[in-house]
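Engineer: Residue numbers (my numbering), protein chains in the order written: chain A, 513 to 1055; chain B, 513 to 1055.
Careful: at least some of the hints might be erroneous.
To be verified - Examples of chain B residues lying across from chain A (beta carbon under 7 Å, computed):
| hint | residue |
| --- | --- |
| 1 | Gly559 |
| 2 | Leu563 |
| 3 | Leu746 |
| 4 | Thr844 |
| 5 | Thr881 |
| 6 | Ile887 |
| 7 | Phe900 |
| 8 | Glu928 |
| 9 | Gln936 |
| 10 | Leu938 |
The hints are simulated quantities; they were obtained by calculation from the structure and are not laboratory data. We put the CB at the ideal spot given by N, CA and C, even for glycine.
One letter stands for each residue in the lines below.
Number of protein chains: 2
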Amino acid sequence: MTWNTPGLDGLPVYEKLRKLARNPFDLTAPKALSRDRILSYKAAAAGFDLLYSTQRVDDPVLNGLQQLADQSGAVDQFLAMKQGAVMNRIEGYASENRQVLHTACRDIFSDVPSNAEATQQAKQQLAKLQVFLAELENGKVTNARGETFTDYINIGIGGSDLGPRALYLALSAYAQKSRRVHFISNVDPDDAAGVLQNLDLARTLVGVVSKSGSTLETLTNEELVRTAYLRAGLDPRHHFLAITGKGSSMDDPGKYLRAFHMYDYIGGRYSATSMVGAVMLGFALGYDAFIKILRGAHEMDRAAEARDIRQNPALLLALLGIWNHNFLGHETLAILPYSQALLRFPAHLQQCDMESNGKSLARNGVKVTFDTGPIVWGEPGTNGQHAFYQLLHQGTAIVPAEFIGFRQSQHELDLEIKATTSQQKLVANLLAQALALATGRQHENPNRFFAGNRPSSILLADKLEPYTMGALLALYEAKIVMQGFIWNINSFDQEGVQLGKILADRFLDHMSIASQGEAGDRDAHPESWAMLAAAGILPEGRL
Amino acid sequence: MTWNTPGLDGLPVYEKLRKLARNPFDLTAPKALSRDRILSYKAAAAGFDLLYSTQRVDDPVLNGLQQLADQSGAVDQFLAMKQGAVMNRIEGYASENRQVLHTACRDIFSDVPSNAEATQQAKQQLAKLQVFLAELENGKVTNARGETFTDYINIGIGGSDLGPRALYLALSAYAQKSRRVHFISNVDPDDAAGVLQNLDLARTLVGVVSKSGSTLETLTNEELVRTAYLRAGLDPRHHFLAITGKGSSMDDPGKYLRAFHMYDYIGGRYSATSMVGAVMLGFALGYDAFIKILRGAHEMDRAAEARDIRQNPALLLALLGIWNHNFLGHETLAILPYSQALLRFPAHLQQCDMESNGKSLARNGVKVTFDTGPIVWGEPGTNGQHAFYQLLHQGTAIVPAEFIGFRQSQHELDLEIKATTSQQKLVANLLAQALALATGRQHENPNRFFAGNRPSSILLADKLEPYTMGALLALYEAKIVMQGFIWNINSFDQEGVQLGKILADRFLDHMSIASQGEAGDRDAHPESWAMLAAAGILPEGRL
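Please model the complete structure; the sequences and the hints are all you need to start from.
Structural biologist: Structure follows, in structure tokens:
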């Protein structure tokens, strides 16, 4: 099966949407935000409501977006992906040529999963994890002194760090007592040093996460941490876990207490519900809580199969994003969770979205003729309100926003002050921002004037818990791949990271040569030698 | 003195720069990055080198940018600001009408400071802090049981949180043993709950930071934490410190162990070197380390007075930003520190830059006719390389970048693996990214083609220490205000945050009314009642 849809601007509905975009719905007009509009521009799935009355769309635009979904075959492609089609490819050129089956990790609740083989592999890994977690619990697996493990270091970078870390922080309110997780990702040696200085290594597990088993930063940090264990007189084999591709160089029972496997059909940025997230989250939250995450993700995956965009929050969010980005011309997207526990969720989405859709090539090997993935950024509210919201309201750039909020807090600690709780204040601020951005305000003082017509959506659930966290993760994963399908790009490779790696190796070669007092061939790459000198890494006289 | 420069597009050099921008320097041309260019496109101040050979500028453009600086009077305005001119104003309309004197906080090293009165006030506060820190040290100030304090909670939001937090994380490698700092900012009750659950309150100081003494989030969180103290049988007056405007409602000796003052001429986002940062950082790092931060900041403030842009990294960075934003049309700016300790510095800059320059009104009360402040975002490298750099290299949007790096690590823990240390790997990656973005790469496989011509600058210092951290902070503060001067906007107010506050109060009113079972006037603001219903906060039937 090939998916060579023509790309956004080749679809019949493209010109119609362009015309509609010349005169988009005016949110600042009197009574534009009618009660009917607000109550009916709402979709729901897997515990989440998506409110979109504050987007610059009306029924004709929504009908056009429905046609866009239909004409691009977005849902058909999503179904094909879940079933195991080779979606990770560029036609006519060397490419990864892989299936894309992160959804299979959570397709474990039915007797007829979309891709039976991948789900079977996921179940085997889950069973292995369940046994391991029980052994930690019942004292069958301990450290050399027979003590239980209280801490866990996750060593990984990119998808082996951002998604798992975002989920851990989101759910740490529910962590088992006396179990804490720490993260080492950066090759910066101060990252590892900062984590190690306050830990009792004897009671700490170390999960090393790399699909290929060859990620430079991760292997370097593993070595740093192994050295610390050896210096402390501890045998790493009682502490280190491998989370890696089956058969990778890290898949070595001689070096690790246990190995858990991931497969080449799961990309790093989509791997949080595979063993990449499972081992660490299972340690912190318990096995059952992790299964709840999977259930939420799975139910959102199912909801993403709906062809009616008004019944499919993931697809609708994808289309609203394309409307804002390609038709209204807004370059960025702000993710604004009104939940401090989601503080690193925007960083996860930054990777998941920008690494997936920051592409210039269509899947048929031709350069695209329209904008692909937006720049994604954001911080939790209400904090952001005291930071960058000034620009959102009165800057010269227009930034579409996606608000995320919850009706209840996680902890029970809340107080009524001036007749409302903190949680009520939080939700009131979220709604107020969406409304203020949309309607703006007339004012005689031009510095107190707000132009309005700044579009946003609101995602709301009852409470941030394992189930809703899983659903939210899957909602955005589905949104991102749907956008890629409509743009006709490959959302699953990352060739753009390769050139930097090659040049970093060249700089490191130069540094080794120089530190050994050798001259090297300074004419071969004059620009990199000169940059090292300009940076003060080589004495200038050495050039 | 008034500063009604015509604004960017009214300056004589504007058209010249527009013409030059039609054909900007091509970084991908053979030998474009010559040794001479790389070594000479470099400025230095206060421990930092700014390398800018990978920007799309050549000598004619740099000369044009020098004229832009001269014609806009950027340095004259900066000097006037330091001396106490009323820079925070909009002519002809109600506005804050304040001086802007954050630089006075660190202008304490000479006998003739630029503004003697403000510096005198800063010195008085520093003297008070020095005494207090000594009393903590020598046991004169303890808790009720005579024990020393080990922990410190900073309660503040926006400028009372982001800058201080970024500095603490940047320098926590140098924190005094057994002293730790925690931060509560968000009105989300889970933020405070998460911090409080693992603390020994009896040995914890609480610094409450609000210039006005009336910040909703901060007062709410203070109340939450006070309640926790009372429940623990502890008297808050032995633990709570006020950092507030002299005479504010928080300036109350009956409620606080000590009060430290800030003044109305220091805006929140520029306040990290005032008592806002000083008390917390003094507790964590010691008084002398804080003075080193001030010294670094002061020396960069002095360097920012140079009229030759090639000798003034702050001004040059401001001009390169304007070149990329207004002339080459790039909407965003990525801040990419190659230092894990700087993980929250981009979030600080997001506030400092976007709240300052996310404006649409010139200082003469007229709407600007060009783009003002960019969208600022970023994460540390090398982490970002495994996340969003795909888009930086191969996306359809071009994102100018500012790299920040250090030649040495903070901790001593580093290892040679494959003949180079982790710190060398970190710096090699930084240089490699700048080079790859600039030169790109030809390739027969279009998916492995890199277009290049993606501009960046590199800021490098020997080591991230109190002095360099102060210098880096001041470099960006000066950059941001210089851009505001050139755009002729008021970088010191934040009227854009007001509308959201008003609407949040309205939503809270509705919630109180509904929770008391009253009907309220549902016709007065139908859109906010409908949003509450759509959000599931009110039962829909209640509408």
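Engineer: Against the earlier hints, flag every one the structure doesn't satisfy and list their numbers going up.
Structural biologist: 1, 3, 5 and 8
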